[in-house]
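Q: Now for the letters of each chain:
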Amino acid sequence: MDALNSLLDGFGTALTPVNLLWAAVGVLLGTAIGVLPGIGPAMAVALLLPVTYGLDPVAAFIMFAGIYYGAMFGGSTTSILLNTPGESAAVVAAMEGNPMAKAGRGGQALAAAAIGHFTGGLVGTVLLVALAPVVARLAVDIGAPDYFAIMVLAFIAVTSVLGSSRIRGAASLLIGLTVGMVGLDRMTGQQRLTFGSLQLADGIDVVIVAVGLFAIGEALWVAAHLRRGAPRAIPAGRPWLGRDDVRRSWKAWLRGPFIGFPFGAVPAGGAEIPTFLSYVVEKRLSKHRDQFGKGAIEGVAGPESAASASAAGTLVSMLTLGLPTTAVAAVMLAAFQSYGIQPGPLLFEREPELVWGLIASLFVGMVLLLALNLPLAPVWARLLRIPRPYLYAGILFFAAVGAYAVGGEVVDLVLLLVIGLVGFGMRRYGLPVLPAVIGVILGPAAEQQLRRALQISDGSVTGLVNTPFSVTVYAVVVLLLAWPLLARAVGRSRRG
Amino acid sequence: MSAHLDPSSAGTPGGAPAGTPGRSGENRSWLARHSELGVCALLSVLGVLVLTDALTMDVDIARRGPVGPTTMPLVVGVALLLVAVLLAVDVLRGGRGEAEAGEDVDLSEPTDWRTVLLLAGIFLGSAVLIEPLGFPVAGALLFWGSAYALGSRRTDRDPLIAAVLSVVTYVVFDNLLGVPLPGGPLMGVL
Amino acid sequence: MRPRTPLALLAAALLVLLGPPLLNPDDGTDTGTRIPGLRFMVPNTPGGGYDITARTAAKNAEDAGLTSGIEVFNLPGAGGTVGLSRLVGEHGNGKLAMSMGLGVVGAARSNDAPKTLADTTPIARLTEEQDVVVVAKDSPYRTIGDLVDAWRDDPGGLPVGGGSSPGGPDHLAPMLMAEAAGIAPKRVNYVPFDGGGELLASILGNKVAFGVSGVGEYLDQIKAGELRLLAVTGSERIDGLDAPTLKEAGYDVDFTNWRGVVAPPGLSEAERTKLVRLFEELHDSPEWRESLRQNGWDDAFLTGEEFGDFLESEDDRVVSVLKELGL
Numbered sequence: 002m003d004a005l006n007s008l009l010d011g012f013g014t015a016l017t018p019v020n021l022l023w024a025a026v027g028v029l030l031g032t033a034i035g036v037l038p039g040i041g042p043a044m045a046v047a048l049l050l051p052v053t054y055g056l057d058p059v060a061a062f063i064m065f066a067g068i069y070y071g072a073m074f075g076g077s078t079t080s081i082l083l084n085t086p087g088e089s090a091a092v093v094a095a096m097e098g099n100p101m102a103k104a105g106r107g108g109q110a111l112a113a114a115a116i117g118h119f120t121g122g123l124v125g126t127v128l129l130v131a132l133a134p135v136v137a138r139l140a141v142d143i144g145a146p147d148y149f150a151i152m153v154l155a156f157i158a159v160t161s162v163l164g165s166s167r168i169r170g171a172a173s174l175l176i177g178l179t180v181g182m183v184g185l186d187r188m189t190g191q192q193r194l195t196f197g198s199l200q201l202a203d204g205i206d207v208v209i210v211a212v213g214l215f216a217i218g219e220a221l222w223v224a225a226h227l228r229r230g231a232p233r234a235i236p237a238g239r240p241w242l243g244r245d246d247v248r249r250s251w252k253a254w255l256r257g258p259f260i261g262f263p264f265g266a267v268p269a270g271g272a273e274i275p276t277f278l279s280y281v282v283e284k285r286l287s288k289h290r291d292q293f294g295k296g297a298i299e300g301v302a303g304p305e306s307a308a309s310a311s312a313a314g315t316l317v318s319m320l321t322l323g324l325p326t327t328a329v330a331a332v333m334l335a336a337f338q339s340y341g342i343q344p345g346p347l348l349f350e351r352e353p354e355l356v357w358g359l360i361a362s363l364f365v366g367m368v369l370l371l372a373l374n375l376p377l378a379p380v381w382a383r384l385l386r387i388p389r390p391y392l393y394a395g396i397l398f399f400a401a402v403g404a405y406a407v408g409g410e411v412v413d414l415v416l417l418l419v420i421g422l423v424g425f426g427m428r429r430y431g432l433p434v435l436p437a438v439i440g441v442i443l444g445p446a447a448e449q450q451l452r453r454a455l456q457i458s459d460g461s462v463t464g465l466v467n468t469p470f471s472v473t474v475y476a477v478v479v480l481l482l483a484w485p486l487l488a489r490a491v492g493r494s495r496r497g
Numbered sequence: 129m130s131a132h133l134d135p136s137s138a139g140t141p142g143g144a145p146a147g148t149p150g151r152s153g154e155n156r157s158w159l160a161r162h163s164e165l166g167v168c169a170l171l172s173v174l175g176v177l178v179l180t181d182a183l184t185m186d187v188d189i190a191r192r193g194p195v196g197p198t199t200m201p202l203v204v205g206v207a208l209l210l211v212a213v214l215l216a217v218d219v220l221r222g223g224r225g226e227a228e229a230g231e232d233v234d235l236s237e238p239t240d241w242r243t244v245l246l247l248a249g250i251f252l253g254s255a256v257l258i259e260p261l262g263f264p265v266a267g268a269l270l271f272w273g274s275a276y277a278l279g280s281r282r283t284d285r286d287p288l289i290a291a292v293l294s295v296v297t298y299v300v301f302d303n304l305l306g307v308p309l310p311g312g313p314l315m316g317v318l
Numbered sequence: 013m014r015p016r017t018p019l020a021l022l023a024a025a026l027l028v029l030l031g032p033p034l035l036n037p038d039d040g041t042d043t044g045t046r047i048p049g050l051r052f053m054v055p056n057t058p059g060g061g062y063d064i065t066a067r068t069a070a071k072n073a074e075d076a077g078l079t080s081g082i083e084v085f086n087l088p089g090a091g092g093t094v095g096l097s098r099l100v101g102e103h104g105n106g107k108l109a110m111s112m113g114l115g116v117v118g119a120a121r122s123n124d125a126p127k128t129l130a131d132t133t134p135i136a137r138l139t140e141e142q143d144v145v146v147v148a149k150d151s152p153y154r155t156i157g158d159l160v161d162a163w164r165d166d167p168g169g170l171p172v173g174g175g176s177s178p179g180g181p182d183h184l185a186p187m188l189m190a191e192a193a194g195i196a197p198k199r200v201n202y203v204p205f206d207g208g209g210e211l212l213a214s215i216l217g218n219k220v221a222f223g224v225s226g227v228g229e230y231l232d233q234i235k236a237g238e239l240r241l242l243a244v245t246g247s248e249r250i251d252g253l254d255a256p257t258l259k260e261a262g263y264d265v266d267f268t269n270w271r272g273v274v275a276p277p278g279l280s281e282a283e284r285t286k287l288v289r290l291f292e293e294l295h296d297s298p299e300w301r302e303s304l305r306q307n308g309w310d311d312a313f314l315t316g317e318e319f320g321d322f323l324e325s326e327d328d329r330v331v332s333v334l335k336e337l338g339l
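Protein chains in written order, with this note's numbering: chain A, 2 to 497; chain B, 129 to 318; chain C, 13 to 339.
If we strip away everything but chain A, and leave its shape as in the complex, we get (with noise of 0.2 Å):
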């Protein structure tokens, strides 16, 4: 019960007024800030960072863990108002999150979306209490073919989120795929599809192309056939969660956090990936499988909620470790060493008053986040109701704002508008949008893994299979492959 003593502690540093109010500042900042067009959480900790420059470090993590929960929020606020996420963790939150908006759901969306993150970042920070060192101990074990396993999954996944035409589905995951081999080869450095332009040799931001994809080929598509005459206003709707979104919601609440504190916390993980497992999960569960593409609320609830424990994994192999696994991290552990501190394997002992506030204040963070965004859904959701022009106009101009001032080049917006042309075709000619997006985010990652752990092998092909992790993964592979055939054989014994 060491680690429940420190972390009373901890609540006796976090709970001080001053830095209750730290945390209260950090929170609002970051959502104010990851609201904001092509701002995700990294970019917020960022920008942010000099507003800590005079603080104590104590307060300043307190602050900072505010940002990063606020940021993460902002950013799925304008995925679902908007359909413009802010980055790539966001997207799935657009694929529910947005059309429920639409039909004058938002604030339920927006509210599932909080208290996911909330119960998401709860669970995640227990289980970054209770299992620091374990988890820091089985990160550094995952490795290249683990990770090309855990990528093998997520692409059998991806067929069930392709939609009700398996051929369409896979043309836009290959489009996807294509997007994501532009640039510089990573293991090689060698130019692919870049035609000689520096532009492009870093390749095709996939904030770029979700927001390209999803908003921009949705207002043009949108445009293309605006329901003239007068415009059906958006129903007010009831500001609250319903008893009926309650009963779907809360089972999705607390299965994301299982699925993303792992993949936070371990080196090649990040967000992208289990909120889009968890999407899928929820999927296959829901009992209102038909409802999925067109608003149903599980798929807010589980994605946020996987999200927001993804970020209190990050924080698990940052402190033990000093891996940083995400951008986010990276920025942050830049802020701890501007203070002299380190984060690593010797934190814990050399500055336990510092780590131990900074995990209370995540709670402390997370009660905050939730009483100031729950009584605000309402608030935000009546922001689409704008006449439709305005609204549209509006999407245009923040998708335009947010690729300008990622990289201040007008290249970015001249492609944002490319892709969103490509959307809107890809929306006269149903071919889904979500497998493009996947695979500009797996694609490149997946690659990366097989060829690295090839190259660690030497080029013998069972470095794809030396972990009994890589087996574990390919064995439920093939058995969720092979669970139809099975599924109807047993269905024939029993019926015979």
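The hints are simulated quantities; they were obtained by calculation from the structure and are not laboratory data. Take these hints with a grain of salt, some might be off.
[Said to hold, decoys possible] So the derived label-pair ranges between C-beta atoms look like this:
#1 P126(C) <-> V135(A): 50 to 60 Å
#2 L252(B) <-> N105(C): 19 to 29 Å
#3 R199(C) <-> V415(A): 38 to 48 Å
#4 V479(A) <-> V217(B): 24 to 34 Å
All C-beta atoms, glycine included, are put in the ideal place defined by N, C-alpha and C.
Please arrange chains B and C on chain A, whose structure you already have, making use of the hints.
A: Only chains B and C this time, still in chain A's reference frame:
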């Protein structure tokens, strides 16, 4: 703006991409009904592009193991060609990709290409104008132009909304967050 | 047209045109080290090495009262090559500087960039950092000699991990080491990782035989005994760390990663001097001393001409290593 008929009485002949081809569509050209073959063509072009790029890559260096920088493009390129063929077969057999429906989408109307092209043009124009005229000007033009293209005609109000939105965004990013955006031709003159 | 349209148009035009300049007045008088409107470009992502260097330098310069309102911005891409070509494109702009280092030299070469650092105005080299050769604590290799002997026998079977893409510092160091040990660099099995985090996990988990990276990133793990330090790549041992230099161990390698600042080409003599002076004063400030200490950076201050010569020699070194690899 004239109000349309109740959209639920849809089913306008021709134009609508979804649904079964009606008898009145018989006369419409075969190509128009099978325009989805264009998707197949684009997919094949993409496949050929990816394969060409992979095959012309100079890979004698730093290659280790059975999987090099060209493996993935080769696989994806071949798969693109394959999917293009399969999709073509599906279309010729009468398969149709269902156009996406939505709250603000009225599929009973034919595609309004004028608005789409106008929006794309405005977007492109604003992008080009950011550097010479600064973000506030380009952003305001983007918002106002888009709202106009989408049917808003409040010329006494829209430019102001656009200008305020654009300048506020500029201030938030440039002054408050330190993300630099170009201010316009008068920067440093005043 | 509505009657008030012209008025609205006029007001909107005034707002978008006059707003920004009125909000950002050119306040500073152009004297001393003050360079009003100075912008500091970082050619990689927030949190990376060049980013921390630039943001620290900008903050210290402001705290020391040397100048105010330095704007730090990121323009990542292709290992710094995108930022480099932008910088070279800003011909004659005396209010722009770019944070860079050995990695940018390598990236410009391995990407065959149309612009190289020879096209820029060198301002100052600020810091340097040695690379370290590390293995996990349970690795069979106890000394650098053990490791290199095994490596020579089977270069393919002993993968080496580094935190930079081909052409970057962590790639060059093991290549130079291999060369000095009589291993053809082409045979080295170099596995690139995205930054130090994933690499650290791979070393700790014995996924790669050994790792090469900047000392700052792994100082703590070395002190905690999680990683075993076999050698440092520079010319001198690091205080408090018990490991020989590669030279002492009999391999003729002297390799140090460094970071510095360059400006666009075509600056007037006055503009160039002014930028150099800003960094000279920064270098002398107590704030910068403190930052060096905190970040574990070695002071490696070098300005103007000398820095230019140094850039040239580094460029030659990178070219010769890459040529040997056939890159």
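Q: Determine for every hint whether it applies to the structure shown.
A: Against the structure, the hints:
Here the CB-CB span from P126(C) to V135(A) is close to 51 Å, well matched to the stated 50 to 60 Å. For L252(B) and N105(C), the Cβ-Cβ distance of about 27 Å falls inside the hinted range of 19 to 29 Å, so the restraint holds. One distance hint, 38 to 48 Å for the beta-carbon pair R199(C) and V415(A), holds here, with the actual separation near 44 Å. In this structure, V479(A) and V217(B) meet the distance hint of 24 to 34 Å, their C-beta atoms being roughly 30 Å apart.
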